[in-house]
Every structure is written in structure tokens, then in C-alpha cells.
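Student: Chain by chain, the residues run as shown.
Number of protein chains: 2
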Amino acid sequence: MTTKVERMPNWLKKRAQLTPNRPAIEFDEKIYTFLELDLLAESTARKAAALGLQQGNTCAVLIRNDIRSVALIHGLFYLGVRIVMLNHRLTANELTWQVKDSQADQLIFDAVFSEKGKQVQRQLPLLKIASMEVVQQVPEDNQARIISEYVMDETATIMYTSGTTGNPKGVIQTFGNHWWSAIGSVLNLGLTEKDCWYCGVPIFHISGLSILMRNMIYGMKVVLAEKFSAIEANKMIQEKGITIISVVTTMLNRMIQDLGDEGYPASFRCMLLGGGPAPKYLLEECKAKQIPVYQTYGMTETASQIVTLSPEDSLEKLGSAGKALFPSQLRIEIDGHEAGPNEHGEIVVAGPNVTSGYLNQMEATEKAIKDGWLYTGDIGYLDSEGFLFVMDRRCDLLISGGENVYPAEIEAVISKHPAVFESGVTSIEDEKWGQVPIAFVVTNKNHVVTEEELLMYVKENLAPYKVPKYIFFCEELPRNAANKLMRRKLKELGSRS
Amino acid sequence: MTTKVERMPNWLKKRAQLTPNRPAIEFDEKIYTFLELDLLAESTARKAAALGLQQGNTCAVLIRNDIRSVALIHGLFYLGVRIVMLNHRLTANELTWQVKDSQADQLIFDAVFSEKGKQVQRQLPLLKIASMEVVQQVPEDNQARIISEYVMDETATIMYTSGTTGNPKGVIQTFGNHWWSAIGSVLNLGLTEKDCWYCGVPIFHISGLSILMRNMIYGMKVVLAEKFSAIEANKMIQEKGITIISVVTTMLNRMIQDLGDEGYPASFRCMLLGGGPAPKYLLEECKAKQIPVYQTYGMTETASQIVTLSPEDSLEKLGSAGKALFPSQLRIEIDGHEAGPNEHGEIVVAGPNVTSGYLNQMEATEKAIKDGWLYTGDIGYLDSEGFLFVMDRRCDLLISGGENVYPAEIEAVISKHPAVFESGVTSIEDEKWGQVPIAFVVTNKNHVVTEEELLMYVKENLAPYKVPKYIFFCEELPRNAANKLMRRKLKELGSRS
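Residue numbers (my numbering), protein chains in the order written: chain A, 1 to 497; chain B, 1 to 497.
Derived from the structure by calculation, the hints contain no laboratory data. Ideal placement from N, C-alpha and C gives every residue a C-beta, glycine not left out. Treat each hint with caution, since some may be false.
Residues of chain A clear of chain B, computed beta-carbon distances all greater than 10 Å [to be verified]:
#1 Gln-17
#2 Glu-312
#3 Glu-492
Reference listing, derived: stretches of chain B covered by chain A, where coverage requires no fewer than 3 residues with Cβ under 8 Å from a Cβ of chain A [unchecked claim]:
#4 17 to 24
#5 63 to 70
#6 400 to 410
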């Protein structure tokens, strides 16, 4: 009498067998059915196999939202190859770090990122690389073995997040994590034959990848946008039958600004809002316009949503992220004990969608996950009815346009500059991006460096969205008695600057 | 990196926490919210605990469709007590067999079945029994421990099915089996806020119990009928917003007979038709009336549906049961190898909803389940598109009004009569019940017995739906060279009689 959920039929193949002619993905005005998507995926798998990829390998992918990228992701699953999902906004140095840390056997990149791909290879000469164009051109390997079953405990994808130490960590996402995330969501949001999910978020992030998972598990149509445009998104909702869209605050902001008085049709049933707390005025504006905003709380480590508002509460519980989805659990902890209603503490979550840990990082894993519970570092409280209010993402994290930015990572780069003695990074509010980083720098004695010079240096090493908006030079950083940087003080300094 | 799905939050408590004020069950014109159902269940749990039931116990229940029965089922889950679901149409002798075989610690029965309950106790003097009234009257045990998590591998329920040997076997249904059954169904049928599932099938059968599972897992309203009435069911669909109903052929037949020209409203989206193949004329009549019939194939061993038509195929693939649900798999076997399209063979299924086996019956389990695949004994084929057509439930099984009837079980009873030398049971078509059993009897030399006497004798030992409609006396039974009863020959005899 053992559990029988360890393996399941290959998801996309199963879906293609169940509902072959149902529309799966719309991209660039072309619609692909599930059968067509399966054929594309299998072809891509056989081409990737011809390049030497096989079961048990790890492949890093540098892709943009595109039908070929979707086929590549499924194709690599078909081969039993683990995928490292790279953020194409990162610099070559950052990418190199992740490719190396993940011990990827190969890097496949979209032609538009060729330069970065080659830079990575220059730093890792033994790494095999191929552009998507090359993948498309090689003849298929007809001997390649296509996986007929997905093993729930096996790693499907690895996504890097940074953190307090400044070194990005590879979050392990198993097939089971993705499955349970999709199931938790469907038991909250429901599913109808008319559903169509708009994916304007990047598929290399969990926000986008989780839509591709729901796509095949639900048999639900997805409209994939190469780049997010508020005008286009509004048009799709108003004219093309989109019923659900995933957004972060900046996206919602722009959509509301573009939206005229006409609003959205009744068929549009869910504006799924993730990526950090949203300003109250924006939520109120949405409520006034009868837009069904569902706030949600989740992260790479929870394979997307873990706490989401229910339909009946979406307009009533303004500002709350809701309750833990059906398969998951949530509590607030203060100094190791459970907080009472309205008491602020650390958000701690558990469930089958929660990662088993960080790749090759036993210590970091044990620090973050205790007895199956993930300590998020984020601060929040539960109201008397059990609704979660996220007060602030952890103070060592800021969210800029939906991207997680870790001050420690920026500080680590700035502090390497020869002129810099030490640095402290915090965030200020920004109308467009929500938050943007700013830096405080103490220079070494007798060293001179300009703000411009330092910013140039940072740009070479970090993705654009991590580059501080301003750098302030100062005599010393605010530290407590234990010499620990006081980030909240830094924030006060920033808001006065 | 172990799988994390072994345990989940207590389902009904989780649901009551997520959507406390949503309607859960409507029974006898009263609506109970999920919070109210949780309170009822917890109260019932504490009363059952006061009667001595505790985690690890087994409790047999002899109940009818009633809100108190629903509370009892959940209440026993709350205590961690395994439930033996008894069919109240069985005789005291049949019930005694099941209670004894399951080693139940206690029997709880609805007052209307008091006589049967007491008869069972007379045969099992050590068995503790209590009527639902007694359960309601005892004071709650406030010390009783309510289970906070359901373990997927643990046995939730046991349901007896008979079989070729004539001895009923207890099918083990784990929480995991019920969970995956509910998930497989929702990924096929979808789920909307307006959904309301009509349960006019018995909750002691998997057809009814699975609706109670979906009820809490989906947060979906269920209307529970004490007894099925075609007129009432039609009225509920036409006037009360029922969107889905589970039926067997006889129920559907009566509903169609009662249904006037008005038909059903567009909001009614699924007539889920189980319990054996349906006659083509009935399906065609439904199609003509635009009734969305979804044929399904499933059994106690698969915790309800395992093969069901998809929405897009429900009107197009008349007569097919569809394809294996998302988490499950299906194949047709002939002599140990997989059949090609349109080849008839044994239906073999696998999936996390499939039972781990029969209670304390290792041999029967190993015979039925090989390498995770359940050999159903039913005959069917897949067409070229992979749709299952069930030709015939196994020839040793007949289905009468949705109830499984095993000829071998009836033969075993008849053959015990002193005047009987041997007997053979088969079925004939019946307008009302689909099929009904008939018997052929060879008497001992010099023994005289009338049909009436024999029928009386059978009625004492078997549930009414198992009693043969006719008994024919004959000189000998058709047997093959190996002296095996030729059931198909018997069937021919029956149709000529």
C-alpha cells in the first residue's frame, strides 16, 4: 500500500491525447492546438537530442516569450532534461555564475541573446552552446527516447533567486511542485471551457512558466505575448475573450491608465495580481471599475501562488492576499511561536508546491526550510478571519517592476570597486516601477570616484533593473551596536535624500 | 528530496476555513454552509468519540442519504476512523459477513435500519452497535483529538464488491484515491462558482460518496436527495440551478420519460452517466434533446470515474465512455499483449485513484492488480482515436438499476438449499432496471421444491435487487469440456425462456 502519485503520464502528451484539437497556445496571431504543440515539442526534443542532450542532463535556456521557447521547454521535459530558466535581463557575468553553479551541460539561447550566450561561453570554455536557430536546423534524432511518464519528485526546472548573502541560489522545482501549484490554483479560481489565460509575464519567471503548466494540465488556451503592452493586453481582454491575466503592480497600473471608461467585459473574470503588495489607491480604483482583482502571494520557492483571494472575497478584502490555497498551509511566526490575529510576524508556508530546497546548498536549504515549512522572511499578519496581509516583503528585498531585487547583491558588486570602502542599498518609491534601488557609498580614504563612474561599473555587472537610480556618497553607514547594517535607517535616509 | 504530498490539511476543515459562508449541502430544503457542516461534523466526531471510537478504529455505517449521515462520515474522518460503507439494501446475513470480514469495532445505523442492525449484532454478539439517535444524544467528548491532516496513503473508506468467487471483497479506498478521483474529474469537467451537483445516488456507493468528496475539495454546492425521484430531479434542474447530476441508466430513462418538451436550461451542463453501458436509443434521444450526457466508466476500485467523455466529445462520441482522465491510464489487453484499435479485449487501468487492493485478501489483490494496473475483467475496445467503448461488463457481472450483481453470489446461496443440486444465474433485459437476474436450477433426485419456495429462501439471504425474477427448473446446466459453467450459453437459454 504505497502512494501511487510518484509518476504520471507525460503531461503534454496526455493532454494532446485527451483534447488534440483544442487550441493550446496563441502566439503572434497563430493558434497551435495541443496536438500541434505536442508535435512541435517532440520535434524540438529530437533535435535537442541530436545536439547531445539526454535524460539526466541539465540545460540552461536563455529565451524570450515565443512559441519556439514553449516547444523547447516541453521538448526538454520530453527528454528528461532538467531546465535552468535564465533571466535574459541579467548580464553575461550574472548568467555565467548561474550556468556554472547549476553545472549545466548545455546552454541554448534565442538568437537575440547571441552576444550574451557567447560571452558566457568565453568564461566557461567547456560549456556547449547552441542558438535556437541551430537547434531548429539539426536533423531529428529518431532514436531519442521520449519520456512517457513524469516523476513527481524529479527536478523539472531550476530558477535562481538572490538573497541576503548576495549569491543567487538555484530553487529546485519538481514536476510535483508545478502540478500542485496548478491544482491549488484551479480549486480556487475554477475552470471553464471558455477560459483563456493571457501570459504577458516572462516564461523564464515562475509567473509565466506556471501559466504554461496550467495550459497543459487544464487543457486551457493561453495567449502568449512576446512583450507586455498595456494597450495590447486591454485590447485582448476587451475583444478577444481573455478571461484571466497575470499581472504585477506596474503592469496593472499601466493597464488602468490606458483603460477608458468602457471597462472590461463580464467574461473577464480574474486579474491575478502578484509580485508584492499593491498600493491601496490602485486597488480602490480597480474596485470602483468593478475589475475582479485577485491579490496573490507567492514566490519562486512556492512554484507561483500559495496564498490567493477567493472569488467571493476578491472585491471585499481589499489589500489582502487571501488564504493559503487548498493543498497548502500558512502561519505567522514571532520568535518561534505562532502569532495571534493581527500580530505582525514572519510568513511561514508549507505544501506540496513548496520547493524541496536550493541546488547544492544544504545549509541555505536547512536555514529556509524547517520540518517542511518555508520561512519566507516576509512580514505579514492574519486578520481575525484568517486573511493574510503582506506588510512588506523582507527588508532585504525590493520589487522593481515585478522583478525581485536583493540589495545585498548590489552592495556586493559596488563594494568590489577599488574606490569603495563600503556600500548600503535600499529602495525608494517610484511611480513607474513601484520601487527602485538607490545606493549609499563610503569611499576609501584618498580615493575619488564619481557617481557616473560607479554606475557604469555596476551596469557591467548587473541587470539594468538592479542598477541604482542614484548613488549618494556619505561619511558612514548607519549600523547597530553589533555593526549590522540598519536597512530601515537607510530607508529613512533615502526618503529624505 | 522526498515527495510532500503524503499529508494534506483536513479537507473539510480547510474548506470551512477557506470559504466558510459558501453553501455546502442542501438537504430537505435546508442549506448548510461549509462552516455549519464543519461544526456538525466536529460535533458528531466528539459524540462518536464518547461512544469509544478513536483513531485507528474501523466503524461500519448503515446509513441513508441524509445530512446526519454526511456529518457522520466527516466526523469519523475527523477522528481518524476508517469507515465501512454498508449497502442498506443488503440482508442482515450479507451485512454480518461484511462487518465481520472488515473487523469493524462498531456499527452505527440509521434508526430506519434498526432491525437489521440488531440482527447483525445477534450474529456478532461482541460487536458494539449504536443508532444515529444514540450518537446524537450522547454528550460530546471534548478531549477527543480531531485529525488536523489527512494522510494520503491511509484508508478512508472500505466498500464491498462481490465477484467471481461469490464472497464479497472489501475495496480499500485511501484519502489519496478519493483526492485524485476528484482532481481527475475537475480537470475534465471544469468548475465554476455556479456549479451545483445533484446527488440522488446513494452515498454508501462510490457514485454518491465521490460527490461528497468533490463537495469539500471543490467548495461546490451539493443538493442531496434522500431518495431519487425523476420528477424531483427534473424539477431541480429546471428550477433550482443544478448544473451537474450523476445518474445510472435507469435513472436517466425515467428522467427522460418524465421530461416534457421544455428540456433543460442552458445552465445545466453535465448529465454524468455511469453504471454500465447505456442503450443507444436512449443516448440518441438525449442527443436529440440537446442533453449534455457524459458517459463515464468507473467502479468501486477506481474511486468512481476513471474514463469519461470530454465536453467537446459528449454529443459527438455517442456510446463511448471517453478517455482515461488526466492522472490515469487505460489500455486494452488480449492474452497479455496490448490490443490494436478496434480489437476487443480486457479493460486494464492505472492511476492514483485506483485502489491498492482488497482488505486482507492478498491473493485476490495480486490477481487483480499487477504492477499497478487493475485488471477489470470488463470487455471493451479503443477506436482509432483512442475512445473507449465498453462492450459488456464482465460476463460474471450484471448491473441492475445501477447496482452490481454477481451471479456467482446468487448461485452460492441457491445451491445451499437442500433441494438444489446445482444452479446457474444469468440476466435478461428489463425495461425498468436494465438487467435483472434469472436462475436455472437442477434439483436433487427425489427432492421437490417450488419456484416460490426457492425465491422466499433467496430473499432471506440476499438483497432484493439480487433476487432472480424467475427460476427455471432444468435437467442439466450447459457446461464445457472442463466442466465450467458456460454463462453465455445460459444467457441464450434465458433469452429463449
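Student: Against chain A, does the stretch 63 to 70 of chain B show at least 3 residues with beta-carbon separation below 8 Å?
Tutor: Our answer is that it is violated, as 0 residues pass the Cβ test (under 8 Å) against chain A, missing three.
Student: Is it correct that the beta-carbon of Glu-312(A) has no partner in chain B closer than or equal to 10 Å?
Tutor: 7 Å, violated
Student: Taking the shortest Cβ-to-Cβ distance between Glu-492(A) and chain B, state whether it exceeds 10 Å.
Tutor: Glu-492(A) is indeed farther than 10 Å from all Cβ atoms of chain B, at 39 Å.
Student: If you count the residues of the stretch 17 to 24 of chain B with a beta-carbon closer than 8 Å to a beta-carbon of chain A, do you get 3 or more?
Tutor: holds (count 5)
Student: How about the stretch 400 to 410 of chain B: do at least three of its residues have a C-beta closer than 8 Å to a C-beta of chain A?
Tutor: violated (count 0)
Student: Taking the shortest Cβ-to-Cβ distance between Gln-17(A) and chain B, state whether it exceeds 10 Å.
Tutor: 6 Å, violated
Violated hints, in rising order: 1, 2, 5 and 6; the structure is consistent with all others.
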